[in-house]
Amino acid sequence: MTAPILEIRGLRKSFGHVEVLRGIDLAVSPQELVFIIGPSGSGKSTLLRCCNRLEEPSAGTIFIDGVNLLDRRTDINAMRRQIGMVFQSFNLYPHLTALSNVSLALRKVVRKSRAEAETLALAALARVGLREKAKSYPSELSGGQQQRVAIARALALEPTIMLFDEPTSALDPELVGSVLGVMRELKQDGMTMLVVSHEMRFARDAADRVIFMDHGAVVEEAPPAEIFASPREARTRAFIAELTR
Amino acid sequence: MDAWSRFLDTFFKPDLIRHYLPSIAIGTLTTIEIGMAIVVTGIALGLVLAVVRTFRILPINVILVACVDIMRALPPIVLVLLVYFGLPNIGVNVPSFAVLWIVLSLVLAAFAEEILWAGILSIPKGQWETARSTGFGFFSTLIYIVLPQAMRLTVPPLTNRTLAITKNTALGTAIGVPEILNQATTGQSFSGNATPLMMGAIAYVILFIPVVGLGRFLETRFRWSRA
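Order-wise, the sequence lines are chains L and Z. FYI, in my numbering the residues of the first sequence are 1 to 245. FYI, in my numbering the residues of the second sequence are 246 to 472.
If you're looking for bench data, these hints aren't it; they were derived computationally from the structure. Where is the CB? At the ideal position from N, CA and C, for every residue including glycine. Among the clues, some could well be false.
[What the hints assert, rightly or not] Not the full set, but computed from the structure, chain Z residues with beta-carbon under 8 Å of chain L:
no., residue
1, G371
2, E374
3, T375
4, R377
5, S378
6, T379
7, F381
8, I390
9, Q394
10, R397
11, P401
[Stated by the list, open to error] Cβ-Cβ distance ranges computed for the label pairs, FRET-style:
no., chain 1, residue 1, chain 2, residue 2, range
12, L, S14, Z, G371, 19 to 25 Å
13, L, S136, Z, G382, 25 to 31 Å
14, L, S136, Z, L253, 54 to 60 Å
Sequences and hints are given; from them, build the entire structure.
As structure tokens, this is what we get:
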């Protein structure tokens, strides 16, 4: 078996006295799409945000592609380029065009020339089907287009894993499909992905594994067909019944 | 003499206009020079202070905020007089031009720091997080993502404050800086007529109306509609 791209062991995170993550173990293999579901407040987003240290874990270890993310000697800024992150609220830079949103880190972090950065950025925009929107500002794009630009922005850095934090939760229902379509293509292209989302249909079609979290712990994990059809745990069953009602 | 000609004779006397035009022109140049110097150093210093404040080093920020608040609380004329008439007593002689420039730069810096700091705070946390997640460090996130947005947001208040403070170059008249008002009051004392003062007023209008227009232009030029 190949070594995992992401390996989390005994991860804990507390905010003050509140323990949000209580010992998470999780491994994501290359090209695997792991889907995290769970009620709000279960710690899914915090788990994801620990994976690129937007939140500082309180205990445990996280390895990305064999590198200890929590080691003080690890260059976190260099590591973060390898870990693409897509947020619920898109967070495009409003003062920059779609092209500049995607090329900024290539130019200023990776230090590529403007021409080279823009070529790569255009290729990334093409991958999400928005090459013709390169010159548009975020305010001129629909929510679905903004989220796809945000995906392109992360993709352009050629990450080894992509983290999606409820990527479609802020979208109008008719725009969800375009974003999920892009994610499905990424999966087909072999991207390793960790997705927090409530899109159960997408989980059923595209996920390799579904993880159900509650109260800061993994309650159950199984392939999607299994977990949706016959969840073992009562809490999982109740949550899935609630969602698919 | 009817009221109209008395009015003209008081405020727009032709031979006085001709006589005092050169000195008002010199005053205008002096005001432009000091004004531009104040804008450049004041805003640059304000920007540096706002950036320093983002590092949130407690002792530094306590001192910084205290200084800024003092500068904002004191009427600029008090500072101008204090520095100009006070410092020579301890053997430091600063030319009046420099006193005006330094004092008003510090006052503008204090206000600019507050305005820019508010602008920086108004940028959503998600912008910081996104930039950090693509590998930007703290300082480059500030430089490439946060400040460009904060500065655009703060163009209107910054323009207003800059105008208010550069107009204070008129305080130079109290310490003998040969700016517009100084030239005008000198002319008024010698001629016993308000025409030089009126000329000074017109000079200020001619000088500052374009600045107001520039502010308006920058405001629309750098605006982006927010989704």
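Okay, the hints, checked on the actual structure:
1. G371: With a closest approach of 4 Å, the G371 of chain Z hint holds.
2. E374: 5 Å, holds
3. T375: 4 Å, holds
4. R377: R377 of chain Z check passes; min Cβ-Cβ to chain L is 7 Å, inside 8 Å.
5. S378: 4 Å, holds
6. T379: 4 Å, holds
7. F381: Holds. Min distance 6 Å.
8. I390: 6 Å, holds
9. Q394: The hint holds - Q394 of chain Z has a Cβ within 8 Å of chain L, the shortest such distance being about 5 Å.
10. R397: 6 Å, holds
11. P401: 16 Å, violated
12. L:S14 x Z:G371: 19 to 25 Å: 23 Å, holds
13. L:S136 x Z:G382: 25 to 31 Å: 28 Å, holds
14. L:S136 x Z:L253: 54 to 60 Å: With a Cβ separation near 59 Å, S136 of chain L and L253 of chain Z satisfy 54 to 60 Å, so the hint holds.
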